[in-house]
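The residues making up each chain are set out below.
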Amino acid sequence: MIWNTNLRWRLPATCLLLQVAMVVLFGVFVRYDHDADPHWIDRQGGENATSDMENEFYYRYPSFQDVHVMIFVGFGFLMTFLQRYGYSSVGFNFLLAAFGIQWALLMQGWFHSYSQGYIHVGVENLINADFCVGSVCVAFGAVLGKVSPVQLLIMTLFQVTLFSVNEFILLSLLEVKDAGGSMTIHTFGAYFGLTVTWILYRPSLHQSKERQSAVYHSDLFAMIGTLFLWMYWPSFNSAVSKHGDAQHRAAINTYCSLAACVLTSVALSSALHKKGKLDMVHIQNATLAGGVAVGTAAEMMLMPYGSLIVGFLCGIISTLGFVYLTPFLESKLRIQDTCGIHNLHGMPGIIGGIVGAVTASCANASVYGAKGLANAFDFDGFKTTWDSSMQGKFQAAGLFVSLAMALVGGIIVGIILKLPFWGQPADGNCFEDSVYWEGPCLRMETEELETKQASKPGSGSRGLGGHILRTTGRRGPGGRSGPSPPK
Amino acid sequence: MIWNTNLRWRLPATCLLLQVAMVVLFGVFVRYDHDADPHWIDRQGGENATSDMENEFYYRYPSFQDVHVMIFVGFGFLMTFLQRYGYSSVGFNFLLAAFGIQWALLMQGWFHSYSQGYIHVGVENLINADFCVGSVCVAFGAVLGKVSPVQLLIMTLFQVTLFSVNEFILLSLLEVKDAGGSMTIHTFGAYFGLTVTWILYRPSLHQSKERQSAVYHSDLFAMIGTLFLWMYWPSFNSAVSKHGDAQHRAAINTYCSLAACVLTSVALSSALHKKGKLDMVHIQNATLAGGVAVGTAAEMMLMPYGSLIVGFLCGIISTLGFVYLTPFLESKLRIQDTCGIHNLHGMPGIIGGIVGAVTASCANASVYGAKGLANAFDFDGFKTTWDSSMQGKFQAAGLFVSLAMALVGGIIVGIILKLPFWGQPADGNCFEDSVYWEGPCLRMETEELETKQASKPGSGSRGLGGHILRTTGRRGPGGRSGPSPPK
Amino acid sequence: MIWNTNLRWRLPATCLLLQVAMVVLFGVFVRYDHDADPHWIDRQGGENATSDMENEFYYRYPSFQDVHVMIFVGFGFLMTFLQRYGYSSVGFNFLLAAFGIQWALLMQGWFHSYSQGYIHVGVENLINADFCVGSVCVAFGAVLGKVSPVQLLIMTLFQVTLFSVNEFILLSLLEVKDAGGSMTIHTFGAYFGLTVTWILYRPSLHQSKERQSAVYHSDLFAMIGTLFLWMYWPSFNSAVSKHGDAQHRAAINTYCSLAACVLTSVALSSALHKKGKLDMVHIQNATLAGGVAVGTAAEMMLMPYGSLIVGFLCGIISTLGFVYLTPFLESKLRIQDTCGIHNLHGMPGIIGGIVGAVTASCANASVYGAKGLANAFDFDGFKTTWDSSMQGKFQAAGLFVSLAMALVGGIIVGIILKLPFWGQPADGNCFEDSVYWEGPCLRMETEELETKQASKPGSGSRGLGGHILRTTGRRGPGGRSGPSPPK
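Here the protein sequences come in this chain order: A, B and C. Numbered per the numbering used here, the first sequence finishes at 576, counting up by one with no gaps. Numbered per the numbering used here, the second sequence finishes at 576, counting up by one with no gaps. Numbered per the numbering used here, the third sequence finishes at 576, counting up by one with no gaps.
Just so you know, not all the hints are guaranteed correct.
Put simply, identical chains are the same to the list, so a pair is met inside one copy or across any two.
Claimed, not checked - 30 angstroms max Cα-Cα, derived BS3-like pairs, lysine-lysine: (1) Lys331 x Lys472; (2) Lys363 x Lys507; (3) Lys482 x Lys421; (4) Lys507 x Lys364; (5) Lys364 x Lys331; (6) Lys460 x Lys472.
No wet-lab data here; the hints were simulated from the structure. On a predicted model such as this, the values are computed, not experimentally measured, just so you know.
All chains should be built: construct the whole structure from the sequences, respecting the hints.
Have a look at this one:
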């Protein structure tokens, strides 16, 4: 099936419409919170003077910046492994995240920071908005290369909404703990994305298979993404934990889990290859599963060895998933999961939810101290009567709610995205930048693709690599300084 | 015109001379400030004991590191989009910034941190030095590919000097607020650079046009620069704001403005292409304009929706600039602006100055609180009698002073750089690494270029890409471990 | 000599064995320290309430993350300069560091954080573990391209052990100051690595010389590593310094030293080339020598100009080393130092030790203040009777101990690694990813290499670059989603 991929009116209209809506809604609803308001200074100088250092900014800002890097560079570059989809991987991720964080500030704000008619935002809201977008980036991994930027914006709009509802149910109604988002971010994002890609199943995707792999340098670009995700994951899991020991502990546990995960990923990658060679796909992805899987329990007393065990298992499960499960999902269940998010976010996310439930159930005052236990799980207010086992049950419930929301939401959004006018590429044009990008090195391929669409697919692909270089330097007299204006 | 591009004596002499001067001047003038001096400990243990956490280091250091990344990786890689100028983009940016921060520590130190015969430096000075160099990096974008490293060092020497004088006039004489440097860094840097490139006009630059464009992977390298600039811009605009709410607010506003800017840049990029395709040039550059344009007002009560509006407009204006204005500037005004800095730093910088003046004018005690207003604009000392409208007028004056300094300074420095003995490349050798760099993959091109200079230009360029790979692995037996010593 | 490079059982077995050992040892020994334990909250609310901000996490975490980036992205990408060894550079560095940090937490924990039967870990332990691994990354630079991942894990196991013993002798027995690790990390790591590579001398390495050089984009990838090392080095040298002025001062000194080092590296690089051209090898490496050489003295009163002088000299010495010394070491002493670590870590490390000893000797109360001096050098407890000159002597002794440990340890570990069953590549297969990595773009080369091993070496290398692209897109129908399961 051939759709019209000329987005000249659809993409600008979508972007401008959404952005105007954001401006209006921010104008009506969004204000600074107490720590970002000039009245902050009134807290100083009196008897109970507060040091500026107590401003939430100094507790959270370094972690926020690390999370920000994970969302934009981490996820963006992780997906550049495709040989001809680097512009789109980084660029569309940039676009959807930039929209998503605004919409998330509003949605999460209405649920969690709303008072006296206004949403009050501070640095913690920025982190949570990034988190919410993280789940969209996860889902993007499943549909990577097969959707248009318009579809991505629509998906972001709906997914952020559903994410916020789900997060509200978990954190506010079920009183679940999920600081690093094993359930709210990874499980929800992964199964949402997998459901969407299942609905968007493309029977002739094999026509684009020659581009669904890496070239040497695209794999190195992807490693930039992998490493920034890996290095900053301790910040991710600790960013919104309580001040002091919880934040500290979350970072240590994540550090441990990720380290263990690297060794087992490498071990399995080598063991599953007949000559014992390593596969970059596993190194780029499975090494991160340990971070996903301690997302719920990192701030709890998981203990360093507990973290190592979680990372140990997840490296194995994730690598096995890439080798055996992803091909099975594609051939039997018609789930075309471009980046293998089921292995990196799906299974480890569920494991993370379970680990969290178990760790919470086992919590007791001899380990946490009486005050520490109440503080860690907020056993006060209406939760005064709760004990750890109750907390554990609610944690488990939260996992099921996340899965249910992801499946139902994914089906609805998938059906919306299946509508034929969003500018999606044909099955033979997937994983190809030149469908949506202009560039000196892309022009020849565009012509080629246009010809191809009329003739039989795949025949021209062998030469693509060569063209990338041969056609360089032909942007015409304008060069960078003068891209041609529209005619 | 053919200049001698052999820098064997000129570049080493310039570097060593400048560095020796730095050593001597640092020896005479630079000392640690109070928070970096061992006497710090004397503040502890008594009645009014100060926590170590109150050391300025902990307020500013994380922001400093983010700014540092923007200057070296952000600007450095943003300019690697050129297919054959990656070494120079990153390498020369590295060189000029490394010299510039030293000279800026001195110049800014004499103006702002001088007492009892010494300049006292601390982490805030490091940030300000990075800021100052930021304006040189901006100007570098205009002359990129057309100047020698010696010229860049000379330009840095003068531009840092002029920057510091301008900054002193604005911040200390006019009492202007400009935390993120819309005026002092971006407006000044851009118009300075544009004036210099106007003076250095190269009538036959079309001979190098085939290299003034990107190849596939060079655009991905440039996205590393773009994203690190984009992600860390909230740190840039908040790095030297007052502790507490001002720093917090500046980060939030910048985050909002940048997010909005991405959507309108994408919208315009698509709308201005006849098939609705996106241009990497816009994604790499226009998406950042929102950060420039809230540089002055970010710490004020611009409000989140105000930031969105600023970002919204700047994405549009910047993209329009790339499509219509840059070609016009080049063909009509003879301003060859390699990176399009007028669109990213020039116009958004002016907008930022105006937004700052307006926001300052509108400030009042009902929004800021009486104490907050006085604190935000330093309405004390000789400014006790000032009101917001007065502040607004001085802000506007600061913008004009910056523009005037940039134009006059740019003309003078441009004339100095036009002297024929700085080792600049010929018009047909611009945007080419092999003029100044040795490397296994560059050797063949060098020979080719040397031949070309005698014959007609452009003919050999089509094959360049191919050579990049074909000549690899020929560094000879020495390899990395043994670059040939001079003969 | 041809070894079996099929690691199918050896690599998985090594990884799993080591990781299981880590799990068990962590289970027995590792617990959270006071600041990461839930009992932290008990310090609050009473008379001597402690702010959460006083948690060690907030003093050290931003620096920790910077150091983390240096180890994984900095060292990992610095070594990607080799045209055909990018996967291995980044991937093996990732693997060895992930194992090393776990083992270092244990080893350093037993020596420094052991009490009541447990090792108590907090953020400072994470930093120190990263530091320890830094010394392994340094040594990896010497043997890069010539060892198998199994050898690297073995080397890491031993080197971390020796590092911890040496560190204990220096810091705890000799009471040496070495915050940035000029002696413990760089000198030890470099001479250890050089000794290992000397033992592992490969007489026919010239058969792989055609791959021991860069291609255009591999040099740009390496610059990512260089810049992240350069930018975050102030965090490295200040990360474990005392709170307050020492940490502040260490950052300033390192910033200055590194800036000066860039200018002299560029100067020498140009001066030593007959046409005055710059060499990327020097820009990638020598520019960092200034950070190494202030590793010991950065937290002392080295003064900004003192830092500039150290950086000035090290840029010169390091560049001279690359041009003259490395070829000499290789041809005369049979030390094949792939990355030239002797120039970047060896000589600058020794200089750093000397600078530290001299700076410590010159310390006096008129500069530091009486309290400041005692605080800076811990002149209390059994050191009450020490003076600066005594401290200087012990500093010098520490340097000799580090060198001795490195040489003796390197010989022992080198002999172990020389055993023929670790899966090391043949002399003609060094610097080649396809020996250990599977990938669509590597397959053809593998076959070629297998043929080559039987025929004469080198002949096929010219075409390698071309193949990189020509064989893309041939991963077969599975693509990323379906790497073939083992047959």
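Consistency of the hints with the structure:
In the homo-oligomer, the alpha carbons of Lys331 and Lys472 lie at most 30 angstroms apart inside one protomer (18 angstroms), although the nearest pairing across protomers, at 40 angstroms, exceeds that limit. In the homo-oligomer, the alpha carbons of Lys363 and Lys507 lie at most 30 angstroms apart only across protomers (26 angstroms), although the nearest pairing inside one protomer, at 40 angstroms, exceeds that limit. Neither within a single protomer nor between protomers do Lys482 and Lys421 lie at most 30 angstroms apart by alpha-carbon distance, with minima of 34 angstroms and 70 angstroms respectively. Proximity of Lys507 and Lys364 under a CA criterion of 30 angstroms is satisfied inter-copy only: 22 angstroms between copies versus 42 angstroms inside one chain copy.
In the homo-oligomer, the alpha carbons of Lys364 and Lys331 never lie at most 30 angstroms apart, since the shortest distance is 48 angstroms inside one protomer and 50 angstroms across protomers. Within a single copy, Lys460 and Lys472 get their C-alpha atoms as close as 14 angstroms, which meets the 30 angstroms cut-off; across copies the closest is 40 angstroms, which misses it.
Hint check: violations occur at hints 3 and 5; the rest are consistent with the structure.
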